Each structure stands twice: as structure tokens, then as C-alpha cells.
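Chemist: Please arrange chain B on chain A, whose structure you already have, making use of the hints.
One letter stands for each residue in the lines below.
There are 2 protein chains.
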Amino acid sequence: MELYLIRHGIAEEHQSGIQDELRSLTKEGRQKTEKVAHRLVKLDLHFDLIVTSPLVRAKQTAEILLAAGLSSQVEESNHLAPNGHIASWLDYWLKPKNFAENVQLALVGHEPCLSNWAEILLWGEAKDSLVLKKAGMIGVKLPEIGSPVGQSQMFLLTQPRYLL
Amino acid sequence: MELYLIRHGIAEEHQSGIQDELRSLTKEGRQKTEKVAHRLVKLDLHFDLIVTSPLVRAKQTAEILLAAGLSSQVEESNHLAPNGHIASWLDYWLKPKNFAENVQLALVGHEPCLSNWAEILLWGEAKDSLVLKKAGMIGVKLPEIGSPVGQSQMFLLTQPRYLL
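Residue numbers (the working numbering), protein chains in the order written: chain A, 7 to 170; chain B, 7 to 170.
So that you can see chain A by itself, here it is in the shape it has in the complex:
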């Protein structure tokens, strides 16, 4: 199983007076995310499912990936909201789904959650060693058997600039 942890694009600033949950992608954020999505299509990436945080800026990012043709399915999950825990996600979301071994999932969410999740999958703990910019992504391969925590491998970490 491969997980692609994708950070939402550039969004409106905190100080603009709207609730954090409702902040939208800016025009620049939308355009950059669209360019990244089209590059991923050219690279022949395809996700069996896009799972997104319920926050507006993440959902808009997921919709852009969907519209580009990177997947035909998108689903919201509260586990991907800021401060979500990977242990909960693994036990209460991933396991019950019983996916095939070769499934490719895109998880659209927030920092520092996503890079911390990747570190926990690789190393068992997080210490902010990975830089993941907005509209950037991390690719992690989970082991076929056993817990993925501390047993996974990373094959991709990229900022949007390398995908434009």
C-alpha cells in the first residue's frame, strides 16, 4: 500500500477574520495546486481514493486533484483534521476498510500532522525532520504485513517547486 500525504495549497491568512475551518485557497494557491495536479497526472500517478480533512482549504485541494483526474473518489475524514492521530486513523479508518495490498491512497491534510505522520510511519516517532510546503507531498510505502508504525519506507518528498 502506498500513501501520498498531500498538504493543502496556499490559503487565506489567519488574520482575515474568518474561522480557521472556513479559510479558502487563494487564487495563487488554487493555480499552483492545479499545476501540481496536472504534473502528477503526467507522471502517471493515480489514487484509488482521495481522503481529505474536512477543512475548506483541504477539501478544495482534494477537489482540484479530483478534477485533474488523479482519482475518481474523494471522502472526508475527521482523522485528517489538524491534531488528528495516526494511531486512530490506522485502527479506526484504515483497518476496517480492508484495502487490497496494492492500493494507492492520497491523504490531503495539514502541517505539522502530515510530516509527523510520515516520521511515525518510518521511525516510530516524530521530531519535525521533514519539510513539507503547501501543495507538497510525501510518498510512503507501508509493509505488507505487520504494523506500519516504524516499518514503512519513504520514496518521495517533494515541494511544489519541483513539480511545476
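Hints are computed from structural coordinates only; laboratory data are not their basis. What you are looking at is a predicted structure, and each value in this text was computed from that prediction instead of being measured. Hints may be right or wrong, so weigh each one.
It does not matter which identical chain is used: a pair holds within one copy or between any two.
Claimed, not checked - List time: in silico DSS-like cross-link candidates among lysine-lysine, alpha-carbon distance up to 27 Å:
#1 K140 with K48
#2 K133 with K101
#3 K139 with K33
#4 K147 with K33
#5 K65 with K147
#6 K139 with K65
#7 K48 with K65
#8 K48 with K133
#9 K133 with K147
#10 K133 with K33
#11 K33 with K103
#12 K139 with K41
#13 K103 with K133
Modeler: What follows is chain B alone, placed relative to chain A:
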């Protein structure tokens, strides 16, 4: 300081009867590495210095990066040969050079050394959690002060397929 750990391109097989040190890039390996190098130029990457393992396949990779214009200097270092140790490289190669803080170095070498070095820089030890294919690269940012071991951050890990 930023380090770009670059694995040599596809080389002749072990069983072809020549010494490991003398194995050359294949035609495919050369072409793929050239494509990667040109893509890195387009992405505005530039290295103040390319340091290479003394093995032929690494030197040929370094020459391709040089010829593409990614740097104007290349230097050999035995520390980058297979089984080189990052502690020796840091103490006996990097420290005496006294580089400026914003220097960007490309290190051309071998697996599993390069991905292990990256893990040691990020987490203090290596456990084969990173996949680095031939002509792929890892970008690591070293801290401005203190030992880089366990204190560095990774901002890039890519296979050649994402750069073609």
C-alpha cells in the same frame, strides 16, 4: 548549508567480469542521468561544488551534472566510496573546508550509504527507511550551528521518474 545526495545512474551489471570500481554507466543510465540533470537545471538548482565517490559510475554521473551546468567544480573524495562513514566525512572533509552557511553541495555516491547518511543526519541512526533509486536524490538542510547529526531536515527525496 544544503546537501544534495545523488545516487549514480544505471551501471553495468556486477557479473560482467569487470572490477566493481570500474563499472561504467550503461547507455540507458547515461541518457536518464542526462535527462535528470537537465531537469535540475530547469528547476534552477546549482551546486557550489560536486563531490563524487572515486568509482567510475559515480564519477561519470558527476561529469554529467557538471556538463549540464549544475556546477563548475567537481572533486573526488574517498569518503563517498561504498562503506564511507558520515562521521569521518563531517570531521575530516566538511569541517576543514569551512564553507559559507548558504553553500549547496552535491554528493554523488552509492546505496545504501547515501540514504543511510540522510537518516543519520535527520534522526541520528539509519534503518533503511528511505528508498533512493539510481539517479535519484535526497535534499537535506543542515542546521546553522551544532552537529548536523540528528538535527538536519529533509526537504527533498525523489526518484528519477519524478524528474523526467
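Chemist: Up to 27 Å between alpha-carbons, please classify K48 paired with K65: within, between, both or neither.
Modeler: For K48 and K65, only the intra-copy Cα distance (22 Å) is at most 27 Å; the inter-copy one is 31 Å.
Chemist: Treating 27 Å as the Cα threshold, decide for K65 and K147: within, between, both or neither.
Modeler: This pair counts as within: shortest intra-copy Cα distance 24 Å, inter-copy 31 Å.
Chemist: For K139 vs K33, is the C-alpha pair at or below 27 Å within one copy, between two copies, both, or neither?
Modeler: Answer is within: at 17 Å inside a copy they meet the 27 Å cutoff, but 36 Å across does not.
Chemist: Under a CA distance limit of 27 Å, which applies to K147 and K33: within one copy, between copies, both, or neither?
Modeler: Neither: 33 Å inside a chain and 30 Å across chains, both beyond 27 Å.
Chemist: Reference check for the pair K139 and K41, CA-CA at most 27 Å: within, between, both, or neither?
Modeler: Intra 15 Å, inter 26 Å, cutoff 27 Å: intra and inter.
Chemist: How would you label the pair K139, K65 (within, between, both, or neither) given a Cα cut-off of 27 Å?
Modeler: within (17 Å within a copy, 33 Å between copies)
Chemist: My question is about K133 and K101: at a cut-off of 27 Å on alpha-carbon distance, are they close within one copy, between copies, both, or neither?
Modeler: both (26 Å within a copy, 26 Å between copies)
Chemist: For K48 vs K133, is the C-alpha pair at or below 27 Å within one copy, between two copies, both, or neither?
Modeler: For K48 and K133, neither the intra-copy (33 Å) nor the inter-copy (32 Å) Cα distance is at most 27 Å.
Chemist: Evaluate K133 and K147 at a C-alpha cut-off of 27 Å and name the case that applies: within, between, both or neither.
Modeler: Answer is both; intra-copy 20 Å and inter-copy 15 Å each pass.
Chemist: Give the relationship of K133 and K33 under a CA distance limit of 27 Å: within one copy only, between copies only, both, or neither.
Modeler: Neither, since 33 Å and 42 Å both go past 27 Å.
Chemist: Check K33 against K103 for me: Cα-Cα at most 27 Å, and say if that holds within a copy, between copies, both or neither.
Modeler: neither (35 Å within a copy, 45 Å between copies)
Chemist: If the cutoff is 27 Å on CA atoms, where do K103 and K133 land: within, between, both or neither? Let me know, please.
Modeler: Neither: 29 Å inside a chain and 29 Å across chains, both beyond 27 Å.
Going through the hint list in order, the structure does not satisfy hints 4, 8, 10, 11, 13.
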